[in-house]
Structure formats: structure tokens, C-alpha cells
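Participant: With these hints in hand, go ahead and build the complete structure from the sequences.
Each protein sequence line maps, in turn, to chains C and L.
So the first sequence is residues 408 to 522, counted in our numbering.
So the second sequence is residues 1469 to 1580, counted in our numbering.
If you are wondering where the hints come from, they were derived from the structure by calculation, not from laboratory data.
Note that beta-carbon positions come from the ideal geometry of N, C-alpha and C, so glycine has one too.
Take every hint as true, because none was put in to throw you off.
Covered, in the sense of this in silico footprint (three residues per stretch, anywhere, with C-beta under 8 Å from a C-beta of chain L), are these stretches of chain C: (1) 444-454; (2) 511-520.
Partial pick of chain L residues on the chain C-facing surface, computed with a CB cut under 8 Å: (3) Gln1509; (4) Arg1565; (5) Gly1574.
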Amino acid sequence: AQKVTQAQTEISVVEKEDVTLDCVYETRDTTYYLFWYKQPPSGELVFLIRRNSFDEQNEISGRYSWNFQKSTSSFNFTITASQVVDSAVYFCALSDSGGSYIPTFGRGTSLIVHP
Amino acid sequence: ETGVTQSPTHLIKTRGQQVTLRCSSQSGHNTVSWYQQALGQGPQFIFQYYREEENGRGNFPPRFSGLQFPNYSSELNVNALELDDSALYLCASSKQRGEKLFFGSGTQLSVL
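Facilitator: Laid out in C-alpha cells, this is it:
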């Protein structure tokens, strides 16, 4: 069975601080996909990144970076120099063949960035 | 590209009633999924439709049902509403299974 754990319920930082959101996953499949989504107060989840299980390269996109480590089953997300607009709930998700590639979401981490 | 739109935005019903939520998927996306998101929780998968047929279902009772239409629209129907059905209902579409999901803004359902 697939499972996603986001142990951090809420993180509060001051603007310009770096912040890392943790995601640990469980799956029996060797082929799977990992995602991060952002949910601002408006409610609509916005896709941030998709990574397949065969690509362990870390990725950087502007102030965002992702660290995928199969050895620890983790897919962590770092925001560098956080801004107030980064305040949102962030969800990690996993889809695998055992689950018909239907994403299972974690409970989310609420990030609050104070000015 | 048009986005995913959902209607209505908010809805108030009483226990025992029936409700229909609607979603218009992104053009060209033949896979649509519905999720229930309770306050402070992650989205919980209800079911998925692919080319108008249900091809995956989460741990929800049969009173949750759906339809997908050829014009990329879909419906979520909930019968015999219960207080615990109060949640944000999200519709999401994708080109193929396993690809990124495009979400609508959701319908906030309150059951009194």
C-alpha cells in the first residue's frame, strides 16, 4: 500500500529565511511518481513538480529546490529566501502502479511566512 | 487552455438531502478525479473516470457516485447526505494517469 507522511503540520518563518518541508513515502513498487502541490488560501491546488522513481537528480527552479533520496524514501522541498506569498499549505503526493497511478496525498504542511 | 472549473463554489444542504457537484475539465484531458478534503487534511481520493468509465475508486460508500461526459464535464453525486460529508470537494483532470493534476478551486459543501 502506498503512504505519504508529512510530519510537519505547521511551519512558521520570517521572510527571507530558508525553509525545508519534509516528505517520506512508502511504496512496494519500483516505478512510481512523486509530486508536490501548493494550496494557497483560495483553495486551488497548484502543481509544483513531478519526479519519477528513476530520476534521482535534485532539481532547482528559482527559489525552489527538491531533494529526492530513494535510500531514505524522502522527497524534501526547500524554499530559499522565503516570501510572504509562499504562505500556503504544501502537499506531497505519490502515485504508483499498485494504486493505478492514482495519487495519494499527505496531510500537508502549512507554511506561514511572516513579513 | 481553459482551466478546471467547478460549480457551485459554496453549497449548504441538510442531512439526508442529495447534492450534485459539477466540474468542467481542461480541454483534451480525458481523465477526471474527484477528491474530498476535510479541514486540515489532505485530499482523499473518491473516484476517477477515464473516457466516461469509472476506473478507480477510493474508500467511499456507494452513495458517492459520478458521471463523466464526452464534453470533458463531470458530476459528483452524493445521496443521503451526512454531517461528515461537510468538506471541500475538488475536481482534477489530467491528460493521462500518473501525470500532473490540474485542480479546480473546489466546492465547499456544508451539511447541517
